[in-house]
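Protein chains in written order, with the working numbering: chain A, 1 to 324; chain B, 1 to 324.
No wet-lab data here; the hints were simulated from the structure.
Owing to the predicted nature of the structure, the values given are computational and were not obtained by experimental measurement.
Among these hints, one or two may not hold up.
To be verified - According to the in silico footprint, chain A covers these stretches of chain B (three or more CB under 8 Å from chain A):
#1 138 to 148
#2 227 to 238
#3 251 to 261
#4 284 to 293
Glycine included, every Cβ here is placed at the ideal spot set by N, Cα and C.
Number of protein chains: 2
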Amino acid sequence: MRCRDRRRWAARSVWTAGPPWCTPQAVAGLGPRRPRRAKRGGSDMTTIGLLHPGEMGSMVGAAVRSGGSRVLWAGEGRSAATRKRATDAGLEDAGSLAALVRASEVIVSVCPPAAAAEQAEQVAKLRFAGTYVDGNAVSPATAREIGGIIEKGGATFVDGGIIGPPPVKPGTTRLYLSGKSAERMAALLTAGPLAAIVVPGGPGAASTVKMAYASWTKGSAALLLASCALAAAEGVEESLVREWKISQPELSARAESAAKGNSRKAWRFIGEMEEIAATFAAAGLPDDFHKGAAEIYQRMAIYKEGPAPSFADVLRALTPRRPA
Amino acid sequence: MRCRDRRRWAARSVWTAGPPWCTPQAVAGLGPRRPRRAKRGGSDMTTIGLLHPGEMGSMVGAAVRSGGSRVLWAGEGRSAATRKRATDAGLEDAGSLAALVRASEVIVSVCPPAAAAEQAEQVAKLRFAGTYVDGNAVSPATAREIGGIIEKGGATFVDGGIIGPPPVKPGTTRLYLSGKSAERMAALLTAGPLAAIVVPGGPGAASTVKMAYASWTKGSAALLLASCALAAAEGVEESLVREWKISQPELSARAESAAKGNSRKAWRFIGEMEEIAATFAAAGLPDDFHKGAAEIYQRMAIYKEGPAPSFADVLRALTPRRPA
């Protein structure tokens, strides 16, 4: 590499040499100021409807509630497991979706990506006129489609995407928000262990951050499991693992952790991988990576219920249809 | 996770808890004993033909030569750059391919994957009757096809795959070998900074180790660059990088290094990604990941010559055809 090239590489770039304020510490303080904590039951308390209290949604609800908001959910027709999560999180059951829509100033949608648009349709049909935050892992195109549905119904739309595990410990989880009312929603939803961060660029921008982030985390986990499944199916796993011990010492543990951490959740990742594939295609990038990842998670979807599989079980499940 | 499941995960597995001898130190000593170093010019010196002295091939040739073998190359019709590499590596020019075939007891093929079968055809046509080691990044099916070509011509076939950079420093590079004469070839080719290691399982097994290994290293590098290209094309790279600084602190540097390290070599990775895709399909795994990776490296192939591109240049090259 010539000197001139070396200088080009060394040039400051957003990727490796962000401005001084771009540090984890600075970023943690980047969110808008937390709103004054309202006295519970006081007139300045915001009522937020949460759809729905799944593993992520219930903890988002609990976090927002800890910031002083009243958080409702709609228990009608929901499972006992969902009811337990909602109750444990201190959420109030509004009963029907219609009752939740009537009582809420803000609705936050946290559901599997494939259900996100249908969820918005239902809310729009009930003439919700507050602010609707879609926090789901959908493509920017799907997010904008949801925005159209919501605004046609008379509400304000804010695009969102959640990065990190269900917010229990501080510093783990961020809700990215974009669109006209993103600042206002970030002030309301930054609460307890949840940090809400505004992304410039209007509706779709927050979803793009989520898509780009998960394209690596969930896409690379699927790829790594596929590499292991190949070695196992062809009987060369001992040689591969010995080579990894020398040159990629973290990979064996990372692969086992990808299987262990994702096998029960794989069923929900299928739709997310499809949204990422669509996002890549719309940006002119190959959508193949995440079509492959969707197929890997599809094969792992059998582990939604029942005992956790061993690593070898997962690898076998990934190569069930070996051609002769 | 229940107790029984925890026990299953904790069970010893080849992936995380190999036998005690399965450590880098032990593995480094796993290769067969180095053959007695022949006196240069002595009658027990093996003559090895190397096809061809590219960046990898020339260093493999130099390593093998340092073990006491005589190493030939075929200079006829080759470029000045190849001649310089061969000369610097101390290889002897046999002149034509026919002369190299006549003079060599062993031929080692190190060339781009797309050229591997054609290379074997040429050697077989010249009635080579020694041992032919195919060290190329090809699928096990292609390796076995090459084996068929070679054995029909009257020679013995050994399947191979190289993992690591061109062998200059000890401990960086391993030549995996499989097939009937793999032990004998490992003894001959373990030399200087190159370690040759036998993979059980016959022809195709060594190539499978290489395919599984590169499926992660080169596949994940392509995926990471695609994730960055998405963020850059959609204008959310600052938000992504800030999130990475918090939760994936190594990724920005890893992405820049994937662009920097691979941009000049991307043209050679296209064929390798296609071989990996074929290997996955034959094992019943999705071939999409590496079709996507082939497309990424195809778009980077413009950097084969000329000055090294900046990271931003590479990302722009990956999204040239954004749909309107």
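Now for the hints, and whether the structure bears them out:
1. 138 to 148: violated (count 1)
2. 227 to 238: holds (count 11)
3. 251 to 261: holds (count 6)
4. 284 to 293: With 9 residues in contact (Cβ-Cβ under 8 Å with chain A), the coverage given for the region 284 to 293 of chain B holds.
Checked against the numbered hints given earlier, the structure breaks only hint 1 and satisfies all the rest.
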